[in-house]
Amino acid sequence: MTKFRLNTVLVNPQTLKDFSDARTEMTTIGINALTGIFTVLAAGLAMSSFFTNGLIILATFLFGPLVGFLISSTYPRIEWVVGRKFGGKASLNDTYRIFAWSFLLVGFALLFYSLIMQVIDKPSVAVGVLLSLPSAVLALLAIRSYSYNTIAAQKLTATRGGAGMVITAVLFVLLIAGCVSLIWLLYRYGASENIKAL
Amino acid sequence: MAVLSIKKLRLGVIVFYCVIFVGLALYDERPDPNMIREMNVPLAACTGPGNAYIVFLGFESPKGKTPYEWGFTKLQEVEKAVANGTEIAESRSSIDSKEERLIFKGERPTFYDKKDNGILKYISAHSAEAAKLTGENRELLNRYKSLRTYTEFREPVDLGYYMPIFMFSSIRSAHVLYLFEIAGTAKEGNIAGALEALQGDIDFWGHISQNSTTLISKLVSLSPLTTDIRFAAELGTIRRLRVNEMAQLRNVLRSFDNRIASMAGPLRGEARYMYKGAELSIYRNSRPIEGLFFKRNATDNRMYANIRQLVRLAELPSEKFVSQAKAHEGEKNTFRKAGIPFLYNPLGEILSVIVQSQGHTTYIQRGHDLEGLRRLAWLKVLAKHENVRPEQMERFLNARSAEFKDPYTGGAMKWDANKGSIYFEHAIDDNRVEMFL
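Order-wise, the sequence lines are chains R and H. Counting from 1, position 8 in the first sequence corresponds to residue 8 in the numbering used here; the numbering is continuous, with no gaps. Counting from 1, position 384 in the second sequence corresponds to residue 384 in the numbering used here; the numbering is continuous, with no gaps.
Don't read these hints as lab results, they were simulated from the structure. There's no promise every hint is true.
Unchecked claim - The list that follows gives simulated cross-link-like pairs (lysine to any residue, SDA-like), each with its CA atoms no further than 25 Å apart:
no.	chain 1	residue 1	chain 2	residue 2
1	H	K326	R	S49
2	H	K114	H	I340
3	H	K326	R	K85
4	H	K405	H	H426
5	R	K85	R	M26
6	H	K337	R	F63
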């Protein structure tokens, strides 16, 4: 079985694909949960001046996996639907696996950046940029790997595959914005009255 | 088999999070029994004829109506509106706009913010202006003098956020006119008479301060007290005082009763004010969906715990207060971060964290400043009577440090030779309280 070596995975995107194909779906679900944990912990650490450590830890382990599951069930699905419209051949399972293993590294990059910012108190802009470089490079390589593997799995040209990925990202952002707006509208115009009316 | 396991896992995850979210949405804490007991202690009615709060409320009453009558009407209107759940802002503005208020005419001068800026000096240099201000505002001055006949001070804190707040500007201006009158008495050579009148004023505001149950009225009462202390120091240095005058001054500048300077009482009152305020406004009008994110008991408990912590801080002697308050400096003046209750009460927890960081320690400090200022006033008087020269001032302050110490450090008061002032520094900000010699 392929071993997970960060340098190999980052330099050669195909390695990540081989690696994800060799793992079970159960492992992939676990990886999504871990990505969620990394992401929520990174966000919690960024707000640690306002939230207690107890809350950050509890929220991380309670809701981190949920965040991972929600993102990983939504984004690859949009990717798959958009890819099909462009004539892509990848299955939902393919996009799901590629997304899971690539975005584990993005989550890790976010967490790494938050941890550094915890150690360094109020860095200057230059120091801040310098310290964010490792995380930014890691995240960019992970996105590159994701893009390469997705386009390959879709069996699309770089242009069509790239366009599909941009559309997917835009649709994902619009979906989140739509959900937030819906909640805001419900709150603003009195969900209780509507519920009562029902 | 594997497919079945994943399906089961997905179902399990969905069920797990549904249970979690429903549980968090429905869960609320039990109310703190101490809070419930404290919030339900019946308070005496505020509408008694001797209540100075009502007179403060109606202090600017139009001609033909006494301050008490006008204040009483205002309070009753608000009480009626709260009871009926009608729009309070409308009833308030209708009372205020119907009739012409009696407001202070002219510009009130400020005192004691720089050297040679005392009331006695102002009266000497600007006697015409002082007489004009007094003449044009005679009615307000008379109303101010009549305040002494009101022997109670009770605020309707159970009206919560709807409690009418009195306009202090006219009262403060009338207070200055009253000090002009006392200064006139002193200039005629009647220091004893001036000190007696000043004593009455300090006693009155001390009584208000002692009975204040909100921070606003406490801070309002500390303002004239502060001016009175500075004025007493000025009277004490007008000339070498006789023995009987010195004895009177000693009484005027005696140590304050702890209840006058302490913010503990008003903070307790604030707890009730907020509790009742939330009951009458937030909870009365809240929609069911808000209840999912804003839990009443959890929010009330947190607010109450915040206030209890501040009350404990306010009950500490000034030097201990400093060490406790400074321990929280690194936390941007907050005592607490949002904790695990945020999960089931996100809005209430955020609200309680924001509210508890609104600089209450600064208010507590204001109370301690009063005692420090009293000591500075005495030092000023003694320095004058002992003919202490500027170069001897530090030695003088050190020699008197046992009796007149810096309230926050416990050491001697400081001397600023450039400004010609004695002072002490604030403990939790960069300001100082000073008195010009």
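For K114 (chain H) and I340 (chain H), compute the direct alpha-carbon distance and say whether it is at most 25 Å.
violated (51 Å)
Mind checking the alpha carbons of K326 (chain H) and S49 (chain R) for me, to see if they're no more than 25 Å apart?
Roughly 18 Å between the alpha carbons, so the hint for K326 (chain H) and S49 (chain R) holds.
Within a Cα-Cα threshold of 25 Å, do K85 (chain R) and M26 (chain R) meet the stated pairing?
With Cα atoms ~29 Å apart, K85 (chain R) and M26 (chain R) exceed 25 Å; violated.
Holds or violated: K405 (chain H) with H426 (chain H), Cα cutoff 25 Å?
Judged against 25 Å, a Cα distance of about 13 Å means the pair holds.
Between K326 (chain H) and K85 (chain R), does the CA-CA distance stay at or below 25 Å?
violated (63 Å)
Take the C-alpha atoms of K337 (chain H) and F63 (chain R), compute the straight-line distance between them, and say whether it is at most 25 Å.
Cα-Cα ~20 Å, so holds.
Hint compliance for this structure: hints 2, 3 and 5 are not met, and every other hint is.
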